[in-house]
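Peer 1: These protein sequences, in sequence, are chains A and B. Per numbering that gives the first Met the number 0, the first sequence runs over residues 0 to 295. Per numbering that gives the first Met the number 0, the second sequence runs over residues 0 to 176.
These are computed hints drawn from the structure, not numbers from a lab.
One-sided and incomplete, this derived list gives chain B residues near chain A with beta-carbon spacing under 7 Å:
(1) 4
(2) 10
(3) 110
(4) 148
(5) 151
Just so you know, these numbers come straight off a predicted model, no measurement behind them. A virtual CB, placed ideally from N, CA and C, is assigned to each residue, including glycine.
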Amino acid sequence: MACVGWSSPMISCLPPVKRAKPLLGTFVSVAVEGLEAELANRAIAGCFDRIAHIHRRMSFQDGASDVSRLNRDAHREPVEVDADTYEVLRLAADISMHSDGVFDITASPALSMASRLGSPGGFPPPDARARWSDIELLPKCSVRFARPLCIDLSGIAKGYAVDQAMDLLGDYEPPQACVNAGGDLGHLGAEAIQVRLDVPLEARTMLPIVEIRNGCLASSGPRRNETPFSELEFVDGAARRIVSPRFVSVLASTCAVADALTKVVMARGTSCSAVLRHYAAHALLNEQLSAWREVV
Amino acid sequence: MDSMDSRFLLLPIVALTIIQPAQATTYLSIEQAQALMFPRATLTEDFRMLSPAQVAAIEKACDVNVSTNQLRAWKSSTGGWFIADQVVGKHDFIPFAVSLDDNGAVKDVEILEYREAYGSEVTNPKWRAQFAGKSRESPLKLTKDIQNISGATLSSKHITDGVRRLVVTYDLVLAAR
Numbered sequence: 000m001a002c003v004g005w006s007s008p009m010i011s012c013l014p015p016v017k018r019a020k021p022l023l024g025t026f027v028s029v030a031v032e033g034l035e036a037e038l039a040n041r042a043i044a045g046c047f048d049r050i051a052h053i054h055r056r057m058s059f060q061d062g063a064s065d066v067s068r069l070n071r072d073a074h075r076e077p078v079e080v081d082a083d084t085y086e087v088l089r090l091a092a093d094i095s096m097h098s099d100g101v102f103d104i105t106a107s108p109a110l111s112m113a114s115r116l117g118s119p120g121g122f123p124p125p126d127a128r129a130r131w132s133d134i135e136l137l138p139k140c141s142v143r144f145a146r147p148l149c150i151d152l153s154g155i156a157k158g159y160a161v162d163q164a165m166d167l168l169g170d171y172e173p174p175q176a177c178v179n180a181g182g183d184l185g186h187l188g189a190e191a192i193q194v195r196l197d198v199p200l201e202a203r204t205m206l207p208i209v210e211i212r213n214g215c216l217a218s219s220g221p222r223r224n225e226t227p228f229s230e231l232e233f234v235d236g237a238a239r240r241i242v243s244p245r246f247v248s249v250l251a252s253t254c255a256v257a258d259a260l261t262k263v264v265m266a267r268g269t270s271c272s273a274v275l276r277h278y279a280a281h282a283l284l285n286e287q288l289s290a291w292r293e294v295v
Numbered sequence: 000m001d002s003m004d005s006r007f008l009l010l011p012i013v014a015l016t017i018i019q020p021a022q023a024t025t026y027l028s029i030e031q032a033q034a035l036m037f038p039r040a041t042l043t044e045d046f047r048m049l050s051p052a053q054v055a056a057i058e059k060a061c062d063v064n065v066s067t068n069q070l071r072a073w074k075s076s077t078g079g080w081f082i083a084d085q086v087v088g089k090h091d092f093i094p095f096a097v098s099l100d101d102n103g104a105v106k107d108v109e110i111l112e113y114r115e116a117y118g119s120e121v122t123n124p125k126w127r128a129q130f131a132g133k134s135r136e137s138p139l140k141l142t143k144d145i146q147n148i149s150g151a152t153l154s155s156k157h158i159t160d161g162v163r164r165l166v167v168t169y170d171l172v173l174a175a176r
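My request is simple: use the sequences and hints to build the entire structure.
Peer 2: Below you can see the structure in the form of structure tokens.
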């Protein structure tokens, strides 16, 4: 973010304030430009507090989180959860419905790899028939599962955390701000930022860049230099099968929606225009060593 | 958010590797982190050299490798400790700071700096030679660093392990006095 193109020269040359913390299992950075340092730091501290709260409530690994309490007990009795958790569950259900169940928080690959993630344990084996529609959202932030099942909110909660931080930053009216939670990012401000899409570089000559302004971006794909394509699991929630991974980025007005829709595009490729249109989102898609395609 | 704008661009890699061979973001200096974590406090440097026996004890207690025997700790006039340390990231060291309360419980963690190379291939002259002369074809004028990356989520486990190691270090070294 540079000091050009802003309407007010008075504030445009305050140096950016950037901080980063390990949260949500990844690196979360918050950058604010155009505010006095003290105010910027107060805004950023507020963001991190907000994100830490979401992390505590929706962590799959933490045995005391809402997610763990639900996975343990919600098939026996209604479990009251935090308003944030409830909102994420409501949003997840909405996206599951509009994607015909391709996005399904009961079918996360993390659940089949619970040992790798460090599952908190103590929950019953999920019923193989369990689907997103078995999650009943009751009044007063109560949630009940119609059968034993396991949810993992880590992706959509990361996006939701970015959205909440962006909302909070918006109250301070910074000329420019950006929150990036391990590649789920939101931007607000007059000047677009450039984001590098982290595809494997081997045999590539061109680097994919997305310019984004006043919007959100999330990506899903193979880890560069770390994990071969074949070792990553992405699941089609409706078909209940592992899909071959591609690199997917989704641009949307909220980061929670962008993150969730990466899973839908991952599973269904170019045939998910309807759900993208419903959320006014669009996607960039790259199959291994092939050209980029834009899905709108 | 209103009026989202976005566009997708393909930039010759060589253009970026010349301008910005590695991703590097500085978040806080040690002094800035100290001021944020211990406002209005005086911090007194209390650096230690860990003995081989202490290193062994720390590694045994937390099951995390101790890569340096230097402990950079500051004691706060308002109680608690500030420790500056680093862990091995994906490509480079990640410097970070931890604040502990009087009982050695973690109060806060701040990443001080984050550096990431594009991958080992970009430092290979043969690999780079294939892009020679292509930088002027760039459709994008890069006047500043690209600070953000979006892709498969990077794990912060190394930092979590590093923090755990420092909590044990406090118990075995700083508190044991």
